[in-house]
Structures are given as structure tokens and as C-alpha cells.
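Undergrad: Please build the complex by placing chain B on the supplied structure of chain A, with the hints as guidance.
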Amino acid sequence: MAMLTINNLEVYYGVIQAIKGISFEVNEGEVIALIGANGAGKTTILHTITGLISPKAGSVEFEGHDLTKMPAHNIVSLGMAHVPEGRRIFQELSVFENLKLGAYTRKDKNEISETLEKVYLRFPRLKERKNQIAGTLSGGEQQMLAMGRALMSHPKIILMDEPSMGLSPLFVSEIFDIIKEISDNGTTVLLVEQNAKKALSIADRAYVLETGKIVLEGDAEEMMNNDSVKKAYLGE
Amino acid sequence: MGSILEQLINGLRSGSIYALIALGYTMVYGIAKMINFAHGDIIMVGAYALYVLIALLKVPVMAAVFLTIIICSVLGIIIEKVAYKPLRKAPALSVLITAIGVSFFLQSLALLIFKPNPIAFKSIINVNSIRIGDITISGVSLVTFIITFICMVSLTYFINKTKTGAAMKAVSEDKAAAELMGINVNRTISITFAIGSGLAAVAGILFVCQYQSIQPTLGALPGIKAFVAAVLGGIGSIPGAMIGGLVLGLIESISKAYISSQLSDAIVFGVLVVVLLVKPSGLLGKNRIEKV
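In order, the protein sequences belong to chains A and B.
Taking this note's numbering, I'd label the letters of the first sequence as residues 133 to 368.
Taking this note's numbering, I'd label the letters of the second sequence as residues 2 to 293.
So that you can see chain A by itself, here it is in the shape it has in the complex (with noise of 0.2 Å):
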């Protein structure tokens, strides 16, 4: 059974359809990419899994909880985490409160020093850097933090969107190699990208998006050979 199922997903803004009827799933261990240009709906179909929007029509049910019905805040507690487009860190807090409002639902300290440990871990800089405020880390370094905030709630699934944006090439690719480390030690990945190339090579599955409705779908592996994507967005 997947863990997280999008069921015939229709979202508008005002009367403007951005999303018509989109069904897809991941399941437990996978790493998704929903790839796709911009304006294609990949960061509203994100919105809409963590109940920043709600859709017209259509279901997210997630391990057998109806996510359209819920308030976001209530989201993290069961397991998803979303690392929002542009970071949205807090820019004008410390990167060791910002880690520790990742942690807000959660209720057992030293549960939560464990976890802290291990983000620090995985992310050195960010305890080097640990009472610096945030909004002046650099912006891989707020990637980072991003990511290290997300999995401060400790989730089963992440949601990123556009973890690439605005990055130098050498930071893109840490962060993706960072991404199949999330993914290697058991957490399932959501992952949108315009960075088709560098998505795709991490991804078990692939969506391709285009102006709300899935156009193509299957193995990454077999995308990246399939010549229409090749040619819409791997510039081949």
C-alpha cells in the first residue's frame, strides 16, 4: 500500500484552475521527483499535500489519514515535513532556534537533543554556526538549515521543493547528495525540481508536470532515456 496517496487532485486560484486532476503515489522508501517548468503547479500540489491550500476536489490521504480535512499544523505530528520553495527559514532568529521550532510538536527532550545531534551531524556548518543568526548564513548554508529544520520533527516522509534554487553548482550538488542520505537512511522523499538532470538521478519515480496534469510518469532511470523529456528538460 503507498504512504501517500494523491487521489484526482483539482486546486484553484480565485477562478484560474492550477491543478486538474492529479492522482499519483509514493510509497514507503521511494524517492519521488515531480519535475516540470515553472508554472507547471509542482509547488501548489506541495501546498496543498500540507494544507497550506485546500483543493477543490480530490484526496491526500497519508498512511490512512484524509490530509484535506486536517489544519497544517497538525501535518508534522503524523510524519511529513516540507522544506518550502526559497527556504523560509527565520531569518531573523538563530540557526539553533530555527532547528528547534523544527522540533515544535515534539514533546520528549532528550529525544530531541538525539535528534539534534544528528543534524548537526549531517550538517557541520550548521553547528559551527549554531547562535548565528540565520538570515545571514549563505544561501547553501540556509539549504541546510532548511533540510536540518525539516527533519528536526523526525519525519517518515520529506516534501522538497526546489532544494536546487539559486544555488552555486558545487552547493547543488552536496545538497542532492545530502537528499539520497535522507533517503538511504529510511526516509521517503518528495522531491520538485526544474533541475530535471540531477532529480531524476537520485529518483526511484518520476511525474512529469505540465500546467496541472501529469504528462508522463514512471521509472527515473527509463525517463532520462525517453526522448521527449531528454529534449523538453534535460536541454539534450
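Do not take every clue at face value.
Simulated coverage check for chain A against chain B, where a stretch passes if three residues somewhere in it have a Cβ under 8 Å from a Cβ of chain B [unchecked claim]:
#1 205-212
#2 228-237
#3 330-337
Here are a few chain B residues that sit away from chain A, every Cβ distance over 12 Å (derived from the structure) [as the list claims (entries may be wrong)]:
#4 102
#5 135
#6 213
#7 255
#8 262
PhoX-like mimics (lysine-lysine), calculated; alpha carbons at most 20 Å apart, straight line [claimed, not checked]:
#9 B:170 x A:232
#10 A:312 x A:288
#11 A:241 x B:164
Hint data in this document are derived by calculation from the structure and do not stem from the laboratory.
Ideal Cβ positions, reconstructed from N, Cα and C, are used throughout, including at glycine.
TA: Chain B alone, transformed into the frame defined by chain A:
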């Protein structure tokens, strides 16, 4: 020499009250990005509530003080839910007009229930004044200083050391991101209004103990002066509101004593003009640089 010191003490006393009120303005601005112009009227509601509880219902003083704070906090929550929450995505001007409307509503309601004539109220603070050298500090001043100090310390602790305080900081920076952390944004906003209004109630109680007279417009002037204090300190900044309140109280009392008591209000509001011209972000406000 003694008289200068006494003026400074007077200034710090009214400044403490402004600071308590300014905290409400600045906290609500921080979290809801709006100026709650009905905030001053919470002081008035607090004053009448205290009067009704003590003079009419004969509730013991400490219980009446406690109930007054609760009443104002609940009122703050209700105002936010009824008047401001539906406008969260509305233009700032609609929210501003609504806030002024709420202010008129509260004043008119008080006018209907209690009539326009001032009601005499005997101070509930029975502390003897103390003399240090040739200056005298009245009991009311003394209690005002102590209460304000306690409020400021506990608020600072609450914001910086508790989980709810962290949630408030997160919500004031980015509501959607806060929601993604599992923070209940609506509840956090309610708590902020409750705390701000509770502090306004404390200010109201200290205010009527000083002036011993209650009328429906009583909150208007201290409310607007506290707003100036909040802007002076840097709107959105909590230490800014504390310092802004105290500085404004000092400016006011020194102008009253050495320039002209008729002009003191004009000088206080002149401070607003000067701040907006010279340093709109206030003493401790940050110039936010948007990183794209």
C-alpha cells in the same frame, strides 16, 4: 535639584504606564502587522471593570485586579476573532479603519452603560510614600515601578525562554513557515492579543489609581501616546516599546515642568513627527533588508 529628580520620577511613572501599553501595540504589530487602534480603549474597559468589581460588586481588591486582567485578555481575543481575523488578507487600510471602528464601538458602549460623567474612583494602592533625602516617591509611583518591572521581566522571559514565545517569534516572521513547523498560528495570535490586552489592563489599573477618575474616553490619550512610544522605540521591538515608553514619559514630564504644561502634548506628538522624519524604524527597530 530635588525638583528635577521629582520630575524625573513623575516622568518614569507615566512612562511606565506608556511602556506597558506600548508593549501591546508592538506585540500585535509584530504578529498581525497591524496597528490596533482599539488598544487604548482596553485600558478604559479595564478601568471600568475594576470599578464595577470593587465599588459595585464588592469583590476583594486582589481578586478584582485578577478578574480585570482576565476580562481584558478575553476581550482582546474576542476583538481579534470578530474584527481582525476575517481581514487577515485584506488591505492594511481596511484593517486600520476597522480598528478605529472597534475603538469607537468600545467608547460608545461605555458611554451608553456608564454615561459621560466621570466616575470618582478611590485608589486601591495603599502604600505609604517614601522619602529619600529631600525627594518623595509616592506609593502609587513605587507600586507602578515595581509592577512594570515585574511585567517586563516576565514578558522578556516568556518570549525568549518558552515554547509559546518561540512560536510567537516564528509566527511574526513567517506565518506559513510557522504553520509547517506545527505551530497553531491562530492560537498564537490569540495568545498575543491576550497578553497585550492583559498588559493594557494592568496599565489601566495603575492609571486610575493615579488619576482616580474614570470616563469613557480615558484610554484615548494614553493609548495614542503609547503608540508614539512604540514607534519611538521601533514598532515590533519589545525592548523598544519598554524604552520608548519610559523616554516618552520623561520627555512629557520635563516639558510640563520646564517648557509649558499646555504644550506638553504637542511636544509628545512632535516626537512622533521627528522620529518618522529622522529614523522611521525607531530607536531599536531593525531596517529589514529583504534578501531575494
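Undergrad: Each hint should be assessed against the structure and marked as holding or not.
TA: Hints versus structure:
1. 205-212: holds (count 5)
2. 228-237: holds (count 6)
3. 330-337: With 0 residues close enough to chain B, the hint is violated.
4. 102: Check passes; 28 Å lies beyond 12 Å.
5. 135: holds, 47 Å
6. 213: Holds, because the least Cβ-Cβ distance between residue 213 of chain B and chain A comes to about 43 Å, which exceeds 12 Å.
7. 255: The claim stands: residue 255 of chain B keeps its Cβ more than 12 Å from every Cβ of chain A (closest is about 35 Å).
8. 262: Label holds. Min Cβ-Cβ 42 Å, cutoff 12 Å.
9. B:170 x A:232: Roughly 12 Å separates the two Cα atoms, so the pair holds.
10. A:312 x A:288: Holds, at roughly 15 Å.
11. A:241 x B:164: holds, 12 Å
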